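Visitor: Dock chain B against chain A, hints included.
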Amino acid sequence: MADLSAKRWSMTVLIYTAFSLLPIYWLIILSFQPNGASEQSANLWPDPISLENYLYIFSQDNWIAGYRNAVIYVAMNIVLTLVVSVPAAYAFSRFRFLGSDHAFFFAFIFRLIPPAIMIIPLVQMFATGGLMDTHFAVAAAHCLFTVPIAIWILEGFISSIPREIEETAAVDGYHPVMIFFKFLLPQIRTGIGVAAFFSFMFSWVELIIANALTTVNAKPIGVVMRLVAEPLGFVHIGISSAASILMLIPGLIFAILLRKHLVRGFSMGRVS
Amino acid sequence: MVRRYNNKAWLLIMPAALVIVAIGFAPLMVTLNYSVQDSFGAGQYFWVGTRWYEEMFGSAEFWGTVGRTVLFTAITLTLQFSIGIFVARKLYYIQKRGELFISLIVLPLLAPWIVVGFIWRHLMNPEAGLIGVLGESIGMAPDLNSVYWVWGTIIVMDVWHWTSLVVVLCYAGYLGIPRPFFQAASIDGASPWATFRHIELPKLRRVLLIALLLRLADSLMIYTEPLMISRGGPHVSSTFLSQKLIQTALQEFNLGQAGALSVFYIVLVTSISWALYRSMRLQDG
Numbered sequence: 001m002a003d004l005s006a007k008r009w010s011m012t013v014l015i016y017t018a019f020s021l022l023p024i025y026w027l028i029i030l031s032f033q034p035n036g037a038s039e040q041s042a043n044l045w046p047d048p049i050s051l052e053n054y055l056y057i058f059s060q061d062n063w064i065a066g067y068r069n070a071v072i073y074v075a076m077n078i079v080l081t082l083v084v085s086v087p088a089a090y091a092f093s094r095f096r097f098l099g100s101d102h103a104f105f106f107a108f109i110f111r112l113i114p115p116a117i118m119i120i121p122l123v124q125m126f127a128t129g130g131l132m133d134t135h136f137a138v139a140a141a142h143c144l145f146t147v148p149i150a151i152w153i154l155e156g157f158i159s160s161i162p163r164e165i166e167e168t169a170a171v172d173g174y175h176p177v178m179i180f181f182k183f184l185l186p187q188i189r190t191g192i193g194v195a196a197f198f199s200f201m202f203s204w205v206e207l208i209i210a211n212a213l214t215t216v217n218a219k220p221i222g223v224v225m226r227l228v229a230e231p232l233g234f235v236h237i238g239i240s241s242a243a244s245i246l247m248l249i250p251g252l253i254f255a256i257l258l259r260k261h262l263v264r265g266f267s268m269g270r271v272s
Numbered sequence: 001m002v003r004r005y006n007n008k009a010w011l012l013i014m015p016a017a018l019v020i021v022a023i024g025f026a027p028l029m030v031t032l033n034y035s036v037q038d039s040f041g042a043g044q045y046f047w048v049g050t051r052w053y054e055e056m057f058g059s060a061e062f063w064g065t066v067g068r069t070v071l072f073t074a075i076t077l078t079l080q081f082s083i084g085i086f087v088a089r090k091l092y093y094i095q096k097r098g099e100l101f102i103s104l105i106v107l108p109l110l111a112p113w114i115v116v117g118f119i120w121r122h123l124m125n126p127e128a129g130l131i132g133v134l135g136e137s138i139g140m141a142p143d144l145n146s147v148y149w150v151w152g153t154i155i156v157m158d159v160w161h162w163t164s165l166v167v168v169l170c171y172a173g174y175l176g177i178p179r180p181f182f183q184a185a186s187i188d189g190a191s192p193w194a195t196f197r198h199i200e201l202p203k204l205r206r207v208l209l210i211a212l213l214l215r216l217a218d219s220l221m222i223y224t225e226p227l228m229i230s231r232g233g234p235h236v237s238s239t240f241l242s243q244k245l246i247q248t249a250l251q252e253f254n255l256g257q258a259g260a261l262s263v264f265y266i267v268l269v270t271s272i273s274w275a276l277y278r279s280m281r282l283q284d285g
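Sequences listed follow chains A and B, in order.
Residue numbering for the first sequence follows my numbering, starting at 1 and increasing by one per position.
Residue numbering for the second sequence follows my numbering, starting at 1 and increasing by one per position.
Chain A on its own, in the form it takes in the complex (with noise of 0.2 Å):
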């Protein structure tokens, strides 16, 4: 058990991975097929084979754009988020000041609560100030979900540089946004890529909130689905299953392209 060089196939691994991907294969299947087939019959290969439920997706103007706007809004979050995490994580990381043992976890409260709670207030809030249905009040209400998040992620990857650096760079009399951008950025290149991939982790696949500040300009297109889901419980299975399967696209790229720093993004940056 102990010898960790001769390494072999696991059969729970095997298993659970099995386990992870079937409903993603159904899925992929439901979606190539005409809805009359996935309503009548469970197939294990799509029978017949069709795109019908793709190009009816492509060809509606209210489906590219619930698309588009959740692309744009989930981006402005993850800008907007890692803009103002990336000096408080360093903040975090190198100094101590008042109340820095607990405005951290002031701030990390508001991971934990409920976006039930806060749709009400976030909606009298945006309205007032005339916001309402747009990506940006959409990105900057998921940002209390996704900063905490960010500023724990970078908080590990900036505490893992030594400090030497930046002060040997402050001795030789750079300027300390020079020392920033010159030294310490392309050391955490890592650490953004992977906070990026939280925030988008939240930010995608939350619906209540960004539901509730939406109403037409800005709506994305899990709450399209919805809409054409609900009336009469009927639910188009089809064409359902295909912007599912668009809707998984995007993180399947994000975790393609950060694969190899996957791992220790998930333990917050701290796998030393």
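To be clear, the hints were calculated from the coordinates, so they are not data collected in a lab.
Fair warning: this is a prediction, and the values are worked out from it, not measured in the lab.
Do not take every clue at face value.
Covered stretches of chain B, as calculated for chain A (at least 3 residues, CB under 8 Å) [stated by the list, open to error]: (1) 80-91; (2) 95-101; (3) 123-129; (4) 167-176; (5) 217-229; (6) 255-263.
With a straight-line Cα cutoff of 20 Å, these simulated SDA-like cross-link-like pairs (lysine to any residue) come out [said to hold, decoys possible]: (7) B:Lys90 to B:Leu208; (8) A:Lys7 to B:Gly176; (9) B:Lys96 to A:Leu21; (10) B:Lys96 to A:Thr12.
Even glycine gets a Cβ: it sits at the ideal position worked out from N, Cα and C.
Guide: Frame of chain A, contents of chain B only:
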């Protein structure tokens, strides 16, 4: 690492603090405000003190919802942590190319919650869903009008959705344990269980606490997935706190009751998290 005392660091915290206070703190205060007031509509509010709280704590329906949420969380977290640690351990010890499996295993975490509910509902369909048809063929057709099937489906769905988080966090934890620990245990002839109990578990404490913190919070706030499976039914048997809250606030427009429920919810989540966070910091020293 030695951290210097410097209050100018607050300048660096400022942007993040502003975002969180503006978007988070203000709404929380609004909620607190609602929870002690009643409204005649049209912006007229008056103080009702603890009335909403008394009503809430006196209602059997409320305690039923809390009980279901806690029971659901207890069941799913137990399953997720036992399966998660087990799989992570196998992944670390035995599996070739662990990283590849990790990138496959994270996929459920990236599925929008609405997709999770949708696909599991369809999987259970007795005519056309994979599990449904299998169940039907052995005479156990899933029936989403039965409490047991609904709970079973929601639990398996949640295990599918979130166990991956525990697996990946623990795997990361395993990679952080220095090899000599294992070699020493092996030389001493420690049994796998003793190795797990006295070397791995203490070293995994930190990642396990992170996982527990995140899982607890997300499990207590579950909303979209059970709604897609059963709309909270049959009757209210799968209605959890978030759904109850959204019903009270957005369908019944009862802001006072919703406010009181929110405050209870926040106190519940924060106190559990605070206890966990404290024990994590104590360990850090």
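Visitor: Hint by hint, say whether it matches the structure.
Guide: Hints, verified against the model:
Counting residues of the stretch 80-91 of chain B whose CB falls under 8 Å from any CB of chain A gives 5; the rule of at least 3 is met. Counting residues of the stretch 95-101 of chain B whose beta-carbon sits less than 8 Å from any beta-carbon of chain A gives 5, enough to reach three: the coverage restraint holds. Requiring three or more residues with a Cβ within less than 8 Å of a Cβ of chain A, the coverage given for the stretch 123-129 of chain B holds, as 4 such residues are present. Restraint check on the stretch 167-176 of chain B versus chain A: 8 residues with Cβ-Cβ distances below 8 Å, three needed, restraint holds.
Taking a C-beta to C-beta cut-off of 8 Å, the stretch 217-229 of chain B contributes 5 residues in contact with chain A, enough for the three needed, and the coverage statement holds. Beta-carbon proximity to chain A at under 8 Å applies to 3 residues in the stretch 255-263 of chain B; the threshold of 3 is reached and the given coverage holds. About 17 Å separates the Cα atoms of lysine 90 (chain B) and leucine 208 (chain B), which keeps this hinted pair within 20 Å; it holds. Simply put, lysine 7 (chain A) and glycine 176 (chain B) have alpha-carbon atoms about 18 Å apart, close enough for the 20 Å limit, and the pair holds.
For the hint linking lysine 96 (chain B) to leucine 21 (chain A), the alpha-carbon distance of about 19 Å falls within 20 Å, and the restraint holds. In summary, the hint linking lysine 96 (chain B) to threonine 12 (chain A) is supported, as the alpha carbons are separated by about 13 Å, within the 20 Å threshold.
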